[in-house]
Amino acid sequence: MKNILKLLSVLLIGSLVFISCSKKDDPTDNNLFVGSYEGSIGYVKEGENKSTDNGKVTVVKVGNNYNFVFSDGIPDLKGVQFKSDGATAVISVDNDESKMIRITANELTIAYTKDGEAWVANCTR
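According to mature numbering (1 follows the signal peptide of the UniProt record, and there is no 0), the stretch in the sequence shown is residues -22 to -1, 1 to 103, in order.
Among these hints, one or two may not hold up.
Claimed, not checked - Straight line, CA to CA, 20 Å or less: simulated SDA-like cross-link-like pairs of lysine to any residue: (1) Lys34 with Asn45; (2) Lys39 with Gly94; (3) Lys34 with Ser18; (4) Lys28 with Thr82; (5) Lys34 with Asp93; (6) Lys23 with Asp93; (7) Lys23 with Phe11; (8) Lys34 with Met78; (9) Lys39 with Pro53; (10) Lys56 with Phe11; (11) Lys56 with Tyr90; (12) Lys34 with Val47; (13) Lys34 with Asn84; (14) Lys23 with Asn9; (15) Lys23 with Val40; (16) Lys77 with Val22; (17) Lys23 with Tyr90; (18) Lys34 with Tyr90; (19) Lys23 with Val47; (20) Lys39 with Lys23; (21) Lys92 with Asn32; (22) Lys56 with Lys92; (23) Lys28 with Ser18; (24) Lys28 with Lys39; (25) Lys56 with Arg80; (26) Lys23 with Asn84; (27) Lys77 with Ala89; (28) Lys92 with Val58; (29) Lys23 with Leu55; (30) Lys23 with Asn43.
Claimed, not checked - Ranges between beta-carbon positions, derived for each pair: (31) Gly25 with Glu85: 30 to 36 Å; (32) Glu24 with Asn84: 33 to 39 Å; (33) Gln59 with Ser18: 22 to 28 Å; (34) Arg103 with Asp54: 15 to 21 Å; (35) Asp54 with Ser76: 17 to 23 Å; (36) Gly25 with Ala83: 32 to 38 Å; (37) Glu26 with Asn84: 17 to 23 Å.
Just so you know, these hints were derived from the structure itself, not from any lab. Ideal placement from N, C-alpha and C gives every residue a C-beta, glycine not left out.
Build the full structure now, drawing on both the sequences and the hints.
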């Protein structure tokens, strides 16, 4: 009887571990990258140039997209879609090299141009 009870306990614990460790946990589906990053940021538009070495970018997830809220009067970058790049990073969906954003749990790098505007960031948490 004790052996059967031990076997059932092991099977129950094993099944709980198996269920809770899903391989379908896509980093773009969770909030690991949401939060504030600090470091150098910048923005360029015709006739306008803003930059600082002590700026902040707050990453906000809205539905399936991300918004990047910049400090120091830099306009926000909104509606960026991402795909997973392994288990710890996401990169922007655009294959265009002028639209590069890479986020890890500890770093944010942006070199993104759109409609004559350019955003840059090299930040950490």
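Quick one: which hint numbers does this structure break? Sort them smallest to largest. 2, 4, 5, 7, 14, 15, 20, 21, 24, 26, 30, 37
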